[in-house]
Amino acid sequence: EYDQNLVGVVIPYIQAHYDVSREPSERAFAGLSYGGYVAGTLLVDHANQFGSYGLFSPAAFPLSLEPAQITAIKPVAVMIGSGSGANDDPTGAADAATLQADGDHVATYYVYGGRHDWFTWRQLLHRFLTRVAFKPASR
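For what it's worth, this note's numbering labels the leading residue of the sequence shown as 4, then goes sequentially.
Everything labelled a hint here was simulated from the structure, so no lab data went into it.
Some clues are possibly wrong.
Simulated restraints on C-beta separations [claimed, not checked]:
{"#": "1", "residue 1": "I73", "residue 2": "F122", "range": "32 to 42 Å"}
{"#": "2", "residue 1": "D120", "residue 2": "Y16", "range": "16 to 26 Å"}
{"#": "3", "residue 1": "D6", "residue 2": "S28", "range": "10 to 20 Å"}
{"#": "4", "residue 1": "T74", "residue 2": "D120", "range": "12 to 22 Å"}
{"#": "5", "residue 1": "R25", "residue 2": "S87", "range": "33 to 43 Å"}
{"#": "6", "residue 1": "S28", "residue 2": "H129", "range": "13 to 23 Å"}
{"#": "7", "residue 1": "A97", "residue 2": "R25", "range": "14 to 24 Å"}
{"#": "8", "residue 1": "S87", "residue 2": "H20", "range": "40 to 50 Å"}
{"#": "9", "residue 1": "E69", "residue 2": "A96", "range": "30 to 40 Å"}
{"#": "10", "residue 1": "A71", "residue 2": "S28", "range": "15 to 25 Å"}
These numbers come from a predicted model, not from an experiment.
The beta carbon of each residue, even a glycine, is placed where N, CA and C say it ideally should be.
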């Protein structure tokens, strides 16, 4: 599976072969559309592997969290965003609301008139990198 390969093979390989930090707080993971779904599953199942997660127009996934997962997500910086126009995936708002209801801080950003496209995702990535990634989760 993708998450097991990333955590068990890719990250250790990069750490062994490149001069990079070994601190999860100095790593970020973001994805768009199905990649947003992957970012969400990594957030839920491997929150301690990255310090920041960006979920851009994430594909729908059932988000129900166990108490241990809620605790693990609390120190992580999370941003969920999408376009506000028709045809963009509205599930990001539901995911953000679920995380916020559990007491986790989640930044949200919606591109006015944006859709499920690169125009929107470029803006989301810029916002994520300049305001969320590599910064402590706000409380």
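- Enumerated hints in conflict with the structure, sorted upward: Numbers 2, 4, 7, 9 - these are the hints that the structure violates, sorted from lowest upward.
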